[in-house]
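Undergrad: Chains as they are written, first to last, in numbering that gives the first Met the number 0: chain A, 0 to 485; chain B, 0 to 501; chain C, 0 to 102; chain D, 0 to 666.
Just so you know, the hints here were simulated from the structure itself, not pulled from any lab data.
Owing to the predicted nature of the structure, the values given are computational and were not obtained by experimental measurement.
Backbone N, C-alpha and C fix where the C-beta goes; we use that ideal spot for every residue, glycine too.
Treat each hint with caution, since some may be false.
Here are the in silico distance ranges between beta carbons for each label pair [claimed, not checked]:
1) A/203 with C/20: 23 to 33 Å
2) C/33 with A/100: 34 to 44 Å
3) D/318 with B/44: 52 to 62 Å
4) C/9 with A/201: 20 to 30 Å
5) B/477 with D/411: 44 to 54 Å
6) C/52 with A/273: 22 to 32 Å
7) B/3 with A/52: 27 to 37 Å
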Amino acid sequence: MDYSQFLAMKQEISLLVLFLLVFLSDTFASNRGCKTIGGLTCVLFGLFTLWGFCPVVIGSDTVTAFEGMYETSPAIVAIKNILNVGVLIVLIQSLKWTASENQVIRRGEFYELLLLTLFGMYLMMSGRHFLVFVIGLECASLPLAAMVAFNKHRYESHEAAAKYILTAVFSSAVLLMGLSFVYGLTGSLYYGHIADSMFSASTSNIVMLVVALAFVISGLGFKLSLVPFHLWTADVYQGAPTSVTSYLSVISKGSAAFAFLVILWQVFGQVYSEAWEWMLYALIILTITIGNLFAIRQQNLKRFLAFSSISQAGYIMLGIIGDNAMGEAALMFYILVYIFSNLAAFGVIGAIENNCGKVSMTDYNGLYKTNPRLAVTMMLAMFSLAGIPPFAGFFSKFFIFTSAINQGSVAIYVLVLIALINTIISLYYYLLVVKAMFIKEEDEFTVAPFRSALTERIGMWVCVAGILGLGLVSWFYDSLLSVVGF
Amino acid sequence: MFSNILIYFVVIPVIMLAGLALCRNIKQIRAVAVTGSLALTALSIYLLVDYLGLRAAGHTEQMLFTGAWDWFKPLHIQLAVGVDGISVAMLILSSIILLTGSFASWKINPLPKEFFLWLILLSTGVFGFFISIDLFTMFMFYEVALIPMYLLIGVWGSGNKNYSAMKLTLMLMGGSAFLMLGLIGIYYHSSANPETLTWNLLEISQNGAISKGWQYFLFPMTFVGFGVLGAMFPFHTWSPDGHASAPTAVSMLHAGVLMKLGGYGCFRVAIYLMPEAANDLAWIFLILTGISVVYGAFSACVQTDLKYINAYSSVSHCGLVLFAILMLNTTAMTGAIMQMLSHGLMTALFFALIGMIYGRTHTRDITKMGGLMKIMPFLAVCYVIAGMASLGLPGLSGFVAEMTIFVGSFEHADMFHRVFTIVACCSIVITAVYILRVVGKLLLGPVQDEHHLKLTDAEWWERTATVTLIISVAAIGCFPNFFADLIRWTFSSDIFSVIGMN
Amino acid sequence: MDITILYYLVPSLIMFCCGVYGFITRRNMIAMLISLELMLNAVDINFVVFNRFLYPENMEGMFFTLFAIAIAAAETALAIAIIINVFRSAKNISVSDLSKMKH
Amino acid sequence: MEATIPVLILAIPLFMFLFLGLLGKFMSHKMAGILGTAGMGVTLLLAYFTAYVYFFSGTPEFVDAAGNRLQFVVFNVDWLQFYENLVIRLGFLLDPISAMMLVVITTISFMVHLYSNGYMRDHHGVYEHGFQRIYAFLALFSFSMLGLVVATNIFQMYIFWELVGASSYLLIGFYYVKPSAVSASKKAFIVTRFADLGFLIGILILSYYTGTFSFTDLTSVNVATDTFAVNLGTADHIKNIFANSAVPVFMGGSVLTWALVLIFMGGMGKSAMLPLHIWLPDAMEGPTPVSALIHAATMVVAGVYLVARLFPLYLMETTALEIITVVGAVTALYAAMVACTQLDIKRVLAFSTISQIAFMMVSLGVARPEFHEGLGYMASMFHLFTHAMFKALLFLCAGAIIHAVGSNDYTSMHGLRKHMPVTHITFLIGCLAIAGIIPFSGFFSKDEILSSCLGHGWVPYVWMSFVAGLTAFYMFRLYFLIFWWKEHKVPQGHHQPHDQAWPMTVPLVILAAITCVAGFIPFGKLVSWDGVSYDFMAHFDWSVASVSLLVAVVAILIAMKMYMKENPLPEKMRNALPALWTWCYHRFYWDELYMFITHKIIFNGICRPIAWFDRHIIDGTMDGFAYVTNKASYAIRGLQSGKIQMYVWVYLIGVLLLGLVTAICLL
């Protein structure tokens with residue numbers, strides 16, 4: 000076989016190399032030396048991220064390898080780079096936590112697992128054969144279970160991990176079941192072949208396919224935590240260590256969303272209007288509404304952000320409707336902005352949690368009086384998530400709505416209207432946080448003034464810069480739009 | 000880009016924001032706020048002169064000082080600016096009110112710095128909204144102007160402020176939800192050729208590609224969206240609570256300028272772009288606005304809280320604005336814009352005075368006050384003048400605006416319009432009732448509470464604010480033709496030929 | 000009599016359903032894990048059968064099954080580890096106690 | 000004639016208002032008084048000059064070859080343009096009535112300015128609080144009133160109409176600490192405002208159909224001999240419009256009728272015609288000079304002036320004139336009856352004012368060109384003139400008395416003739432004039448009114464003669480009760496009442512003098528509805544005159560019999576017709592009726608329910624959305640039960656629903 004085709008997967012390979020470097024240095028480092036692994040990983044990963052932006056990696060057009068099992072294109076590289084940036088921020092933000100005394104015995108495990116999951120996500124997005132996809136999926140979700148259970152001394156951590164692994168395996172079983180039917184009906188697991196054989200497929204087969212499709216969607220919906228496949232999300236987010244939660248909420252969601260887009264359009268694009276358009280509408284409405292309704296009542300901020308991220312996933316789905324480059328670009332842009340906004344929020348939560356272990360909204364009362372910078376960062380994150388101009392969230396929301404309406408039917412107007420009305424509810428609960436920090440008077444539970452670690456501050460600064468810049472500077476969106484296109 | 004004068008209406012506030020961020024003490028903050036708003040006022044007046052000069056020189060484009068710079072090119076989103084008489088008038092209004100507002104909040108505490116930061120951010124949105132002619136940027140600035148209200152009311156407000164702030168923000172956001180859908184819809188029907196879709200108001204109105212069917216759908220969306228901010232019945236209830244809880248300067252800016260965004264948008268987007276639908280559906284909204292005119296006035300008659308009274312009268316007056324806009328003829332619409340100016344100024348004056356009185360007596364309940372004329376004559380006299388302006392005394396701004404509206408509305412000879420015009424006319428009597436009620440209870444008569452006897456009259460900054468506003472109110476009232484001509488130009492242009500407007 | 004494809008599909012479907020049923024009803028986490036294994040194996044059977052009966056020309060299904068088995072093994076291992084963790088901290092492995100975080 | 004002097008006539012009072020209003024508190028009281036009076040004096044001279052030039056210069060722009068008066072627009076500047084032909088202009092129109100009004104207003108106003116110098120201080124010469132303020136307001140009022148009478152178009156009239164309303168509001172509420180004054184001023188403003196609503200709508204209708212505001216266009220109607228130099232084009236145009244069948248007819252009345260009636264409604268408000276009269280008696284809460292100026296002489300006749308202004312239009316639609324007649328007649332009788340029973344000196348004068356204005360209205364209503372070339376028009380203008388003089392005189396006397404006695408109630412006066420001779424004489428002259436005793440001015444004007452009534456029919460003639468008798472009766476009741484009845488006894492701690500200082504007495508004397516001679520002015524030569532001057536003595540009807548004179552004398556004798564010496568007769572009278580007396584005394588309960596309507600019906604019946612509706616229904620709906628959302632979020636929280644198996648259930652159901660529903664839809 001032709002080994003040069005491995006060159007197609009530059010990022011995967013370099014990621015593996017990076018992983019090996021970290022792994023080896025972790026294995027052979029002394030107990031003292033291993034304290035530097037975190038820093039080392041960050042540096043290496045920073046370089047890796049930069050490497051992702053090299054023209055060599057981006058390439059110019061779509062490249063396939065292994066008889067089309069693997070595919071890369073500027074768009075895919077772009078989404079990978081977006082995720083890399085997010086991962087980099089997560090890594091930087093988690094340095095302090097991993098250095099804390101009850102984590103330091105774990106040495107570099109956190110980073111190794113994290114890099115592995117990232118590798119899995121790469122495969123999910125680049126795979127053009129369901130085998131590759133499934134391997135990527137599992138590779139992305141199993142290590143996460145371990146990471147969720149990372150906090151040895153917190154019961155919640157274990158409960159969350161157990162819930163996660165059990166439901167994850169269940170959903171993957173269902174997904175595989177669906178895939179088996181797909182295979183049975185079309186005789187192939189290549190995306191392309193399945194799509195082709197849909198032309199010839201008879202109606203009854205189409206019906207079977209639709210049922211199978213429902214199984215597949217459920218599997219992906221689980222990763223993306225769409226209602227009704229979302230129930231694990233809140234508990235896991237709450238129980239997991241904050242760094243893991245932030246990773247779960249942005250990176251794995253982002254990758255799943257993109258993979259979802261690819262599969263739906265490249266595999267089932269034929270049966271869009273008859274089969275899954277309405278499924279998607281239903282899922283979107285449910286996801287946004289239920290997520291919002293649950294988020295209203297939450298007191299624990301991590302749980303709160305879990306539900307907010309659920310409804311955000313619903314908005315992301317809007318980008319999939321309407322088969323056009325605009326939608327894809329809007330989706331990627333949304334993910335990008337969402338990464339920055341959410342990570343800013345998690346950065347603040349993590350910083351405060353690491354400092355005094357408080358995650359309840361009432362602890363944030365009058366935060367602006369004690370820690371103005373954290374409060375402002377949090378506020379920016381909330382406004383961006385709520386989609387308030389001039390912050391990036393507004394632009395991503397606007398673009399995703401615009402791309403969705405491009406599809407043009409009356410139904411889509413109604414759908415978008417429902418989504419827009421939901422933004423009011425979401426604005427309500429985001430403002431609750433702002434209210435706690437700025438309007439409520441501080442009491443004895445309020446976080447005392449403290450100085451957060453340099454790494455955390457770097458992370459927040461980057462996020463704030465992103466929140467302010469991504470929208471107003473049109474370069475980001477334009478360049479995304481220039482690379483997309485099937 | 001920076002050769003265009005209009006850009007500076009956004010640049011100056013941004014500079015002010017930066018300056019405020021660097022301020023260390025209250026003196027510097029005041030300095031920045033006052034110099035900045037003075038600069039804006041000067042700029043707007045210069046713009047007015049320049050504009051009139053160009054018109055006199057025979058420039059007959061719809062908009063002057065136009066400029067467009069690509070922003071999100073693939074989506075045809077531009078940073079497009081341009082003004083006509085209406086925008087110029089609105090810009091002057093905003094700058095004056097910002098100036099007086101910063102004087103009125105001279106002694107704001109706590110957190111003066113943050114207060115002014117939010118206030119200036121709000122006005123950035125306002126100015127941006129009035130200069131931009133690109134639907135996207137317009138909408139963006141619109142929302143920029145809305146959000147600061149939440150914190151301004153929540154942190155510096157009084158009374159039931161949490162509830163009011165949340166209610167105001169959510170209701171206005173509800174409006175802008177419809178608005179966003181409407182705008183996106185307009186975008187997709189802005190041109191017959193999908194390659195040349197545009198957000199640019201002028202191009203859209205020239206293309207006139209929005210089919211009637213879509214207009215029927217999009218017109219209500221946009222009109223209601225803006226109408227919520229214009230306090231259109233029944234979407235007005237945010238306004239009494241919001242105004243009542245907001246701090247002085249915020250009430251001034253909000254009632255004086257922000258509510259005008261509603262009326263302006265209703266005209267500039269809903270009616271300007273979809274005249275046919277406006278012509279056919281106007282009656283629905285005429286009923287609503289006609290109701291809100293008398294409705295607001297009637298409910299103002301029984302309130303006892305000064306700010307509630309004024310908020311309801313704002314409902315009534317802004318209702319008159321939308322009412323006149325929907326009459327779809329030159330005179331009435333001119334009157335509508337003049338009413339915007341006049342209401343903006345006099346309601347700002349009202350709220351300023353209420354704030355000053357409240358700052359002294361610490362109550363806004365008119366049953367607990369009385370005979371203030373003896374204690375604080377200056378403020379009392381100013382209040383009477385404001386009241387006279389509001390009940391339409393000739394020589395002050397209210398009269399000319401209302402008369403223009405009534406004469407214009409009366410051009411419709413059919414029974415429906417006649418009846419509603421006369422109903423609207425009735426509001427001038429009711430207005431007199433509640434204004435005189437307040438004046439009688441609050442300022443005249445014996446002193447109710449002897450603790451008030453040792454209160455002082457206005458300080459110099461308060462005098463500055465009120466006098467500035469009174470002068471501008473009187474200016475409109477005494478030389479109305481100047482403003483009328485400034486405004487009328489837009490309507491007399493041919494865009495409304497589609498609906499046979501004179 | 001000849002063995003048609005249904006002779007394999009129906010049992011696999013039954014297996015799958017049993018797995019689901021077990022997963023939903025059993026309180027013991029280990030038992031739930033076993034039911035999961037049932038479901039996964041049902042999937043494996045499907046793949047193999049489809050490959051063998053419908054598309055014998057290439058081995059896609061077979062390979063998929065191999066990978067699936069491996070993945071299932073990995074999942075089980077990880078799950079067991081986590082369950083042990085839970086046991087350590089909660090001193091039992093009844094799933095009904097596993098609902099501290101809710102609403 | 001060039002515009003400088005007319006401009007000054009308007010500008011000086013306006014300037015005085017701003018000057019005294021803004022800088023008043025920086026100058027001494029005396030200074031302010033002198034400045035104000037001086038300013039008004041100058042205006043007076045200018046106004047006299049203008050009137051003189053208009054009437055007697057005989058320049059062709061004022062008088063044509065045949066000696067007929069012309070309308071002349073001195074200047075007319077655009078103020079606010081609605082569209083091409085509909086423009087509000089501020090201008091200065093000279094014609095007989097406006098010239099006449101200039102004289103009246105400036106005269107009375109000057110007298111009042113002078114008088115206030117004395118009135119607005121106590122016996123020790125200490126100036127009242129807000130002395131400068133009253134001069135500022137008086138100046139404002141004079142400005143507005145002058146602007147009203149010289150208006151060139153109906154909208155300018157409306158503008159100044161509102162301004163006089165406002166200044167009257169300010170002046171009534173001058174003693175703003177007195178709650179009664181405050182409520183009185185509020186009442187006055189709101190009632191007139193309500194009337195102005197009608198005026199405004201009338202203007203809207205009229206201007207919509209005629210397409211003009213300008214008086215010269217509107218009234219250019221050639222009924223008999225058109226002599227006003229205006230364009231006949233509009234005249235025919237107007238006639239055609241209203242002749243045109245396309246013009247809708249609303250509730251029986253033609254559009255023109257409605258317009259005119261609505262406009263007259265404005266006049267009813269200002270001129271206190273029934274049923275909009277209730278504000279005037281209360282308006283007496285203001286300082287007496289103010290009452291003399293505004294509520295006796297000038298502002299209250301604005302309604303009459305308005306009708307006179309549009310008289311040719313009214314001639315086109317005599318239905319409106321009939322209405323005016325009826326309203327006027329009823330009001331006259333009503334006010335006269337009430338006046339017979341009041342105890343407050345100023346209230347009596349107020350009601351007599353109402354009654355007298357009603358006289359003018361009636362005489363306008365009955366005026367027709369066919370009869371004595373519209374004698375009624377001239378008569379009402381004449382009566383307006385004379386009434387202004389003697390009513391101002393009476394009020395100023397009353398002011399002097401009140402100032403001396405320190406009370407409005409004349410049960411505390413009695414027998415003042417010895418103490419205040421000057422006041423006594425002047426007051427008597429005033430009474431004689433209003434009673435219509437020859438040769439005082441009132442006789443002539445009232446006589447012409449009666450004869451024009453006669454021209455219209457017997458009913459109005461008899462009716463109005465009866466009212467005239469009542470007038471004589473209650474005025475002399477007032478006179479005798481104040482100056483005779485019994486000896487004056489000074490209450491403890493009060494000083495002896497006496498004539499006031501010269502600033503107060505001089506105006507009395509001057510006005511009394513005018514009252515004596517004004518009757519002999521050949522008014523017909525100066526004022527007539529179409530500018531054709533004629534000698535009204537030609538129309539003088541001795542039978543009518545003698546009858547009215549007889550009635551007046553009889554009435555006076557009755558009054559003398561009842562009130563000259565203290566006697567039980569009045570008691571007897573009262574007990575004879577208790578019901579009538581009570582109703583008159585309580586002014587036929589009009590105020591109570593209004594109280595009921597405004598308070599019970601409008602305030603409690605409309606405003607409160609609306610406010611409640613707003614708070615509870617509309618606002619409730621908005622809060623309801625929030626409430627429902629919250630409830631929903633509580634209702635579904637069970638979904639997140641924390642149990643894995645539950646989660647998986649939901650998951651499965653979701654999958655199956657998703658798959659099966661779509662499958663079914665496909666099949």
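Undergrad: Hint by hint, say whether it matches the structure.
TA: Hints and how they fare:
| no. | hint | in the structure |
| --- | --- | --- |
| 1 | A/203 with C/20: 23 to 33 Å | holds (28 Å) |
| 2 | C/33 with A/100: 34 to 44 Å | holds (39 Å) |
| 3 | D/318 with B/44: 52 to 62 Å | holds (54 Å) |
| 4 | C/9 with A/201: 20 to 30 Å | holds (22 Å) |
| 5 | B/477 with D/411: 44 to 54 Å | holds (48 Å) |
| 6 | C/52 with A/273: 22 to 32 Å | holds (28 Å) |
| 7 | B/3 with A/52: 27 to 37 Å | holds (35 Å) |
Checked against the numbered hints above, the structure breaks none of them.
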